[in-house]
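2 protein chains.
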Amino acid sequence: MSAPSPRRIDAASLRGFVARIFESVGMPAPDATTVADLMVEADLGGAEGHGVFRVPQYVRRIRAGGINLNPDIRVERERDGMALIDGDNGMGHLVMRAAALKAIAKAKRAGVAWVGVHHGNHAGPASLYARMPMQHDMVGLYFAVGNANHLPPWGGIDLLLSTNPIAVAVPALNEPPVVLDMASTVAAYGKVKTKAQRGEPLPEGWMIDRMGEPLTDPSRVDEGFLLPIGGYKGYGLALVFGLLAGTLNGAANGPDTIDFNKDDRTPTNTGQSIVAISIEAFGDVVQFKRKVDALIRTLRNSNRLPDVERIWLPGEQSHAKRNKYTREGIPLAPQLVQKLNELADELGTTRLS
Amino acid sequence: MSAPSPRRIDAASLRGFVARIFESVGMPAPDATTVADLMVEADLGGAEGHGVFRVPQYVRRIRAGGINLNPDIRVERERDGMALIDGDNGMGHLVMRAAALKAIAKAKRAGVAWVGVHHGNHAGPASLYARMPMQHDMVGLYFAVGNANHLPPWGGIDLLLSTNPIAVAVPALNEPPVVLDMASTVAAYGKVKTKAQRGEPLPEGWMIDRMGEPLTDPSRVDEGFLLPIGGYKGYGLALVFGLLAGTLNGAANGPDTIDFNKDDRTPTNTGQSIVAISIEAFGDVVQFKRKVDALIRTLRNSNRLPDVERIWLPGEQSHAKRNKYTREGIPLAPQLVQKLNELADELGTTRLS
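Just so you know, the protein sequences line up as chains A and B, in that order. With my numbering as the guide, the letters of the first sequence map in order to residues 1 to 353. With my numbering as the guide, the letters of the second sequence map in order to residues 1 to 353.
The set of hints was computed from the structure by calculation and includes no laboratory data. Any given hint could turn out to be false.
Copies of the same chain are indistinguishable here, so a pair counts whether it falls within one copy or spans any two.
Below, simulated DSBU-like cross-link-like pairs (lysine-lysine); rule was C-alpha separation at most 35 angstroms, straight line [to be verified]:
#1 K108 x K289
#2 K195 x K339
#3 K289 x K262
#4 K108 x K193
#5 K195 x K289
#6 K339 x K108
The task is simple: from the sequences and hints, build the whole structure.
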């Protein structure tokens with residue numbers, strides 16, 4: 001049974017649709033536009049689990065009072081090389097965009113700036129913010145605490161950590177930028193859920209059960225634990241990224257993380273950190289980008305294992321999708337289009353055409 | 001056949017021994033003391049592959065003219081939140097120590113400071129430098145380009161990347177600090193070499209051969225490739241850490257990396273980066289440390305898989321070794337003691353007693 005073929009929706013229509021949805025539940029129009037732009041940007045890059053797919057959940061949360069629609073997003077602490085932002089429980093996208101802009105502005109002067117956030121919310125894919133400094137010839141780093149704990153400590157069975165992601169974005173000259181965006185587990189929880197919904201067995205290495213045995217039965221995913229990459233190493237990465245993005249910023253981390261899938265009301269106090277690094281502070285920008293180009297080409301054109309058709313660079317496939325989807329429209333599953341249109345009907349806003 | 005039991009050498013004797021060795025090959029006495037302190041510090045933390053084990057190789061390199069014994073280690077570029085240091089091909093430990101001190105000094109004012117290095121050299125374990133900011137109530141991050149390429153890009157067979165390590169050190173209050181120090185491959189190359197020397201089969205998942213098949217035969221390690229953690233994820237981490245620590249700093253990365261095991265003369269132009277993050281810039285230091293303590297205890301005391309005796313925190317075992325070895329002496333393999341004493345004889349310095 002093959003999945004029905006996706007609808008192609010052009011980015012501008014989708015932005016307008018999403019903005020109207022958020023306006024209809026009380027978000028100020030300029031904020032609704034900003035959030036819609038960022039969500040559609042996620043879909044353009046192929047981060048389909050972190051883009052408009054999330055609209056119904058965000059709307060549910062807003063209607064439950066779990067998001068502050070008129071937040072006072074403000075710089076709480078600031079020095080030459082850092083700032084700490086209180087997101088005042090605003091939409092995560094607005095808070096993180098403010099943090100990224102602050103980091104970029106500070107890095108123009110200080111060379112490098114690290115900006116942390118507390119009382120933010122889920123803000124979409126990590127790469128969305130790590131990529132922002134690139135437009136200013138900067139490298140971007142992003143760390144976040146995930147909004148649900150799916151990871152036990154190594155050797156443990158209690159879900160005490162999130163699969164805290166990292167993103168790093170490095171601009172090139174003529175090549176697509178290098179953009180790494182990854183969770184610290186072998187498989188993201190979203191991928192597991194998709195397999196389970198389709199009834200497909202999980203590849204060995206994705207999950208283990210409470211006895212430590214490989215879990216591949218899709219009907220048993222609720223009994224299992226995601227495996228961190230490299231065993232104790234991925235556990236260590238999830239832990240330190242959580243300390244950097246959560247604890248250091250005065251945000252939730254570990255057992256005080258709110259599961260935003262199960263709880264629509266309690267402020268999540270989501271923590272994220274973004275670092276902007278001005279390339280020009282370290283040396284000539286064009287020379288740096290030429291070196292990145294050269295390394296990309298050396299890796300791509302190097303010898304391959306049998307049956308490997310191409311060596312990819314991190315972010316290269318996402319870049320190709322962005323170009324394609326900008327030209328041809330964003331592919332959305334018919335079920336998602338239907339769900340979004342039903343939401344539009346319920347809120348009295350225009351359907352996706 | 002069990003390995004012969006190790007000799008216990010007290011740290012102070014070992015420091016004096018190593019300093020005399022380096023002085024005897026022309027290193028100025030204060031520098032020799034600093035390098036010896038840092039190398040023995042590595043052994044105290046259990047990083048046995050990155051401590052005094054390296055003395056013969058460093059001496060060989062110094063005698064071949066591959067290290068500048070009178071370097072002008074200087075700040076080449078500087079802004080409020082960053083600095084770039086030219087290590088002038090000095091001993092890596094001296095260059096990285098200068099970089100860490102610079103990062104700490106700058107972070108006291110700027111809150112966060114990022115310091116990069118070019119024309120450094122191999123400097124021992126990553127955690128050695130990431131730990132330094134902790135003494136000033138700071139979090140430390142360290143990225144480095146390794147000194148030999150053991151990793152192909154994901155899907156490839158050409159050794160174009162090093163297993164570039166990361167270290168992150170976060171201080172706690174009453175608990176040992178959280179110190180993650182890891183390469184981006186499942187097994188470090190040193191571990192593979194140890195297995196091969198002992199003729200023990202490699203665990204599946206450590207290496208693959210040129211056909212992409214698991215390589216477990218210890219006599220075939222030269223035909224194989226280390227596997228990155230999480231497949232393409234570990235490849236991505238090695239790549240971006242290399243861009244941050246190497247390319248951005250104007251240091252070697254990728255194909256221009258010098259294999260310091262095979263080439264004693266060509267300057268390695270090693271690149272490293274250290275970030276110091278002042279906790280006090282983000283909030284109350286004691287409150288932060290209490291939260292780290294609480295998270296550590298929650299993780300440690302959580303429920304375990306069958307047959308798991310204890311849940312460890314990153315750096316906890318190293319911390320226990322440091323305490324034990326400081327009291328009881330550092331265990332060195334008899335073969336290593338013999339090798340070091342032969343070197344001392346050759347250089348006319350005092351043997352380890």
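Here's how the hints hold up against the structure:
In this assembly of identical chains, K108 and K289 lie within 35 angstroms of each other by CA distance both inside one copy and across copies; the values are 18 angstroms within and 32 angstroms between. Proximity of K195 to K339 under the C-alpha cut-off of 35 angstroms is restricted to the intra-copy arrangement: shortest distance 20 angstroms within a copy versus 56 angstroms between copies. Only between protomers do K289 and K262 lie at most 35 angstroms apart by alpha-carbon distance; the minimum there is 30 angstroms, versus 44 angstroms within a single protomer. Taking CA atoms no more than 35 angstroms apart as the test, K108 paired with K193 passes in neither setting, with 42 angstroms inside one copy and 46 angstroms between copies.
For the identical chains of this complex, K195 and K289 are neighbours neither inside a copy (39 angstroms) nor across copies (40 angstroms), given an alpha-carbon limit of 35 angstroms. For the homomeric pair K339 and K108, neither the shortest alpha-carbon distance inside one copy (43 angstroms) nor that between copies (52 angstroms) is at most 35 angstroms.
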